[in-house]
Amino acid sequence: MLRGCVRHFLLTIHLNCLNPQAIVYGYLVPVIFLFAFGGVFRSGNPPLLAQMGQIVTITILGGACFGLPTAMVAERERGIWRRYRLLPVPTAWLILSTMAARALMVASSVLIQVALARAVFGTPLPDRPGAAMLAFLFVTVAFVGIGFLIAALADNVPAVQAIGQCIFLPMIMVGGVGVPLAVLPVWAQRVAGFMPGRYAVELLGPCFDPALGPGGAGFRLAALAAIGLAAGTAGAKLFRWEPGPRSGRARWWAAAALATWVAVGAAAWSAGELRPVLARSPAWSGITEAQIAGINFAGLPADSGIVTPMAPSSPDSEQGRDFSAMLAVWKPGRLDDDGQSIRNLVCLASVADLSADPREAEIGLLVYRRIREAFEPGVARQALAWVILTPEDGEIIRQAPELGLYRHPPERLVRQRSVLYAEKYLGRLVGKIPN
-16 MLRGCVRHFL LTIHLNCLNP QAIVYGYLVP VIFLFAFGGV FRSGNPPLLA QMGQIVTITI
44 LGGACFGLPT AMVAERERGI WRRYRLLPVP TAWLILSTMA ARALMVASSV LIQVALARAV
104 FGTPLPDRPG AAMLAFLFVT VAFVGIGFLI AALADNVPAV QAIGQCIFLP MIMVGGVGVP
164 LAVLPVWAQR VAGFMPGRYA VELLGPCFDP ALGPGGAGFR LAALAAIGLA AGTAGAKLFR
224 WEPGPRSGRA RWWAAAALAT WVAVGAAAWS AGELRPVLAR SPAWSGITEA QIAGINFAGL
284 PADSGIVTPM APSSPDSEQG RDFSAMLAVW KPGRLDDDGQ SIRNLVCLAS VADLSADPRE
344 AEIGLLVYRR IREAFEPGVA RQALAWVILT PEDGEIIRQA PELGLYRHPP ERLVRQRSVL
404 YAEKYLGRLV GKIPN
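In terms of the working numbering, the sequence shown opens at residue -16 and continues consecutively.
Some hints could be false.
[Claimed, not checked] Pair by pair, the computed Cβ-Cβ distance ranges are:
{"hint": "1", "residue 1": "Ser91", "residue 2": "Val(-11)", "range": "13 to 23 Å"}
{"hint": "2", "residue 1": "Ala75", "residue 2": "Gly231", "range": "23 to 33 Å"}
{"hint": "3", "residue 1": "Ser268", "residue 2": "Glu60", "range": "51 to 61 Å"}
{"hint": "4", "residue 1": "Ala254", "residue 2": "Ile416", "range": "49 to 59 Å"}
{"hint": "5", "residue 1": "Thr373", "residue 2": "Glu301", "range": "31 to 41 Å"}
{"hint": "6", "residue 1": "Trp170", "residue 2": "Ala75", "range": "37 to 47 Å"}
No lab work stands behind these hints: they were computed from the structure. All C-beta atoms in this analysis are idealised placements derived from N, C-alpha and C, irrespective of residue type, glycine included.
Using the sequences plus the hints, can you model the full thing?
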């Protein structure tokens, strides 16, 4: 019997690898999400570190709630499970073997994703490997149980997609999986507490980013275990060897599984686990006056030189006044994040300099005056020091066609030149360089 169990486990892996849809949900979709997150959050320092909990959760969610039921229902429609019924192997093992095979495939997909994040974006590996493996185990058990229930409820593969989307999309949109909790309104954060995706992200995230903190891990482990056990039990009660109509009690078992979500959310609410999640302060806001005082302004290029030129006075020409007016309404310089706005303005002066624009000296001065007039002095000092001390942080602007700067110098040069301009601007603001 042991040999038969092992053979069934290996056969399940083989059949899963032959199912195109299961492979797409298990491997291709996670990679697409990885690069989508990388395109949006690559400015983090280090990139994607704060988002790896979400990315890994999406990988497990796709493989367990789409890949597993898709493969099981397709095999059931082809009569494979009818033949399994004749094997001298316990039914419980056949089910557990199928789940274990899918968990192994999900684990391989997560390893590929972590390796790609490391190779492409430079994302560090998990800070706590042991905690990461434990969190992965509980998250996988919860989502595999849900996937098993979907397989029991769905009559065919299209039905799997429909039921899966009813679970996948809410967790992506308001469950804290696709959209970070800190970005969601408070009511949506409360709703996310009734979905397993939030607890999965809050377990996996701190394994990569210690700044997220491991608080409440015990409750989250228990919540995922309860959700997975309830879904797995319901799936076992509704399990079918052959295609055909569902049992009349299917809706009641599905309702019982969903009731566990409600119970977990209510318990989290009463225990104070659903407190609003606030967005972390931007990196530039942590710059101290002591750090600013430690910046050395010696050795900067002359304002009249070729590198980082600055006009001695504001141009009185109509062209200069027009540029000042456009700069005042330039959207990248008026973001909600003052630090990023100032970095964008400094990049603008750098792009004009690197592009050898005829107005480079005047633009350098006009950008300084815009920073001095549009931002609080303390904010301007912190943001400029942030540009100087962490030149690789934040996003940059490489061109501004709306301001007549069409060329796009290399990112590396823009960041290097931005440091010099930021030093010139900060030196003037703190009185180390005469205006």
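Okay, the hints, checked on the actual structure:
1. Ser91 x Val(-11): 13 to 23 Å: holds, 19 Å
2. Ala75 x Gly231: 23 to 33 Å: holds, 24 Å
3. Ser268 x Glu60: 51 to 61 Å: Cβ of Ser268 to Cβ of Glu60: about 57 Å, so the range 51 to 61 Å holds.
4. Ala254 x Ile416: 49 to 59 Å: holds, 56 Å
5. Thr373 x Glu301: 31 to 41 Å: With a Cβ separation near 38 Å, Thr373 and Glu301 satisfy 31 to 41 Å, so the hint holds.
6. Trp170 x Ala75: 37 to 47 Å: The hinted range 37 to 47 Å holds for Trp170 and Ala75, with Cβ atoms some 42 Å apart.
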